[in-house]
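Asks: Work out the full structure: start from the sequences and follow the hints.
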Amino acid sequence: MESYTTYDYDVLVIGAGGAGLRAAIAAIEKGARVGVVSKSLLGKAHTVMAEGGMAAALGNARPEDNWKVHFRDTLKGGGMLNNWKMVENYTREAAERVLELERWGAVFDRTPDGRINQRNFGGHSYPRLAHVGDRTGLELIRTLQDHAVKVGINAHMETTIYRLLTEGGAVVGALGFDRQTGEFLVFRARAVILATGGLGRIYQITSNSWECTGDGFALASMVGADLIDMEFIQFHPTGMIWPPGVMGVLVTEGVRGEGGVLKNREGRRFMFDNVPERYKGEFAETEEEAEKWLGGDREARRPPELLVRDVVARAIRREVNEGRGSPHGGAYLDIASRRPADYIKKKLPSMYHQFMKLANLDITKEPMEVGPTCHYVMGGVRVDPDTQATNVPGLYAAGEVAGGLHGANRLGGNSLSDLVVFGQRAGLAAAEYAAAPGSSGMVSDAQVREYIAEALEPFSNPQGENPFALMKELRSTMQQNAGIMREESELKTQLDILASLKQRAKQTSATGTRVYNPGWHTAIDIQLMVEISEAVVLAALARKESRGGHARLDYPDPDATFARLNHIIRRSSDGALSVVAEPLPEMPEDRRRIAEVKDLKELSDKVGA
Amino acid sequence: MQNLNFKVFRGDKSGGELKDYTVVVEEGMVVLDAIQQIQAEQAPDLACRWNCKAGKCGSCGAEVNGKPTLMCMTRLDSIDTSKPITVRPMKTFPLIRDLTTDVQWNYEANKKIKPFTPAPNTDWIMMQEDVDRVQEFRKCIECFLCQNVCHVLRDHDEKTGFIGPRLLVRTASLEMHPLDTASRLEMLKNEGGIGFCNITKCCTEVCPEHIHITDNAIIPLKERVVDEYYDPVLSFFRRLFGSKKRPDGSRSAADD
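Read top to bottom, the protein sequences are chains R and B. For reference, each letter of the first sequence is one residue, going 1 to 609 in the working numbering. For reference, each letter of the second sequence is one residue, going 610 to 865 in the working numbering.
Incorrect hints may appear among the rest.
Here chain R is said to cover these stretches of chain B; the calculated rule only asks that three of the stretch's residues, wherever they fall, bring their Cβ under 8 angstroms from a Cβ of chain R [stated by the list, open to error]: (1) 645-659; (2) 697-711; (3) 727-735.
Here are a few chain R residues that sit away from chain B, every Cβ distance over 12 angstroms (derived from the structure) [as the list claims (entries may be wrong)]: (4) Lys263; (5) Lys502; (6) Arg571.
Derived from the structure by calculation, the hints contain no laboratory data. All values reported here derive from a predicted model rather than from experimental measurement. Each residue gets a CB set at the ideal place from its N, CA and C atoms; glycine is no exception.
Replies: In structure tokens, the structure reads:
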């Protein structure tokens, strides 16, 4: 009989990126006994790869900025499908959470008068992103890691959660295994916070690290938690496309924030031809005006390269499809002709390094070649906008795994501050829940043993399939049939493929021992990846319109009916997933007035922002 | 397309050996691509740690043709491929399996360093030129390659009385933070073991972030320790007037 070690916590946090660490800190400060589980070593979570910055209306760069402008920008960028209450909580608290990081030791780039500097990014009306060159994620995760160590976290590094454990419909813990030893671990917890990040690895071309296999969405859904808006996947416009080994690696939006421009093979700045109706009037209409903006003229409007990500990604795709792409099938991103070499090296050091090392290209001298890469999922586990509680008692979600804040498209820079705002809220709420009487449940030994036997099955399938090959098949078919441009026939084809992959994923083979065995780990990951791919495809089929990170070839325009609907992806007791359309939560009139203003002048005239 | 031969260490605590693999390579491939190809097609249980594959997380350190490096940032066309390419785990840390090592010691030793301690009631105004140095240190991605090559740790296994270059850099990032008020000099002198470093600069040479570990972090820290504990004139004045570290956040001559 397989043995396992048991740990007892008030709050178990799954994931040690920005949201998980911030949640752990908040729960510890509330007096909870907290365990943090991470698939990687501490400080290596996907947060570390974030580059451009964290958005917060600090008002350092432009005193006119405040939470209302940030609120309006976020909803507008999100195609108005965002949960307005989450957006309000977020935009009101982001600045405080950034300042708190500084008090914990983060050292952001400075303004000339010594405050936190802010940079421009797509969809933000003012320079709003606190940053450290182009390695802001590293600064965020290291600061949180140091502070978490200071307040005393219990970290279980290199530990994978296999399944959540439930009793009477409530989450009472989780079963996992130590990747270094293969030993099984049971975590009994009064509350569990999912902070597991995204699902980019279900696509072939992605900026996401190996960890982003969508575990949290699948784990939550398997115990009955609702998911929301899973069709909205962000394809970041600028990933590396050459050489092949680095395809998908992120090129920060900070390049455009610092003045970089997009050109097609004819040398034309094609973004001027791609300003959508709803953004007309907010962006420069000529190169001359864009030049003035770059030179610091506050009357000039922003260059169209700073449009929201879904718009830019589709514009690049169009240039390529119409034969105006760069040699390797992308667009040119040029900062070399815009800024002096020293400035580029100072503000974009890791981009300089990354291209120099991986592509033999000096970005201070030549333009980069870029194309869309799967970067982020706007949808996620459905949560309460104030507490991050899911519909399953004892289960919380924060960060990328939670849905609702970003609507149909996330603004660059809104993710890092999302992590700390809602990480903190989830940590507080989970600690409070855990302290309440009656929240403790029993872990069932039988349930644990059944899961352990299931997790070990790949070792008894010597004739089974190679899990790496299966993973490759999943990723390439998702890219092909449910990628940046979608249509009904391909989505249906993908559903059939997923049904078959789901069966085959149960028949994979693992060889060798359980000590640090990537083949076995992949065999386990692939099962959750197939589950969550199905949720994405079902939601994408149901939304018969194009909006934000969901573009349909067969329904190319936004649709007024779908404009009022969120999609809830729900699992029935027989395990099948279905999509239910629900009207958006009602936005109060005073908030609607802020959200729907045409431009900043109207905002300041009408609501005094 | 071209075939390249690799010799990859396979084994665990009980022993192991270099095993031969052949990989089909295409333009621009890095060592980690080759290892992943071996994993996917020939040896699914080949243990290897990686995350970002873009030089940002510091997970995939290994010794390629004897040189400690991040596998994700080492292009195959930048190394000698006339002989089979050898890939071994970092030597300084206990082996888990194949290319993975147990780096837990680094996280434990880190706890010796007093956390960030800002001055109370500060206005949080810091000039860019005053934080440039600290930002250099904060670029560290904790790949532990500097720890791996440091002879105090690698050859002498001095892991109780010495914290190694990575953690000296972290100490420097706190000591040189314009608003920090704690002093870590006693730790550096004693359990930090800064005296063990004899400035061979091996750490600086392998740093993938190009942090000037020796020149900008360790040497200035050594000078501070010397000033604090071994300067007869200063120590006389300090005994008279006390030696608290700049409580107002400004720099004083004694700090440099």
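Asks: Now look at each hint and say whether the structure bears it out.
Replies: Status of each hint after checking the structure:
no., hint, verdict
1, 645-659, "holds (count 10)"
2, 697-711, "holds (count 5)"
3, 727-735, "holds (count 4)"
4, Lys263, "holds, 23 angstroms"
5, Lys502, "holds, 21 angstroms"
6, Arg571, "holds, 30 angstroms"
Violated hints: none; the structure is consistent with every hint.
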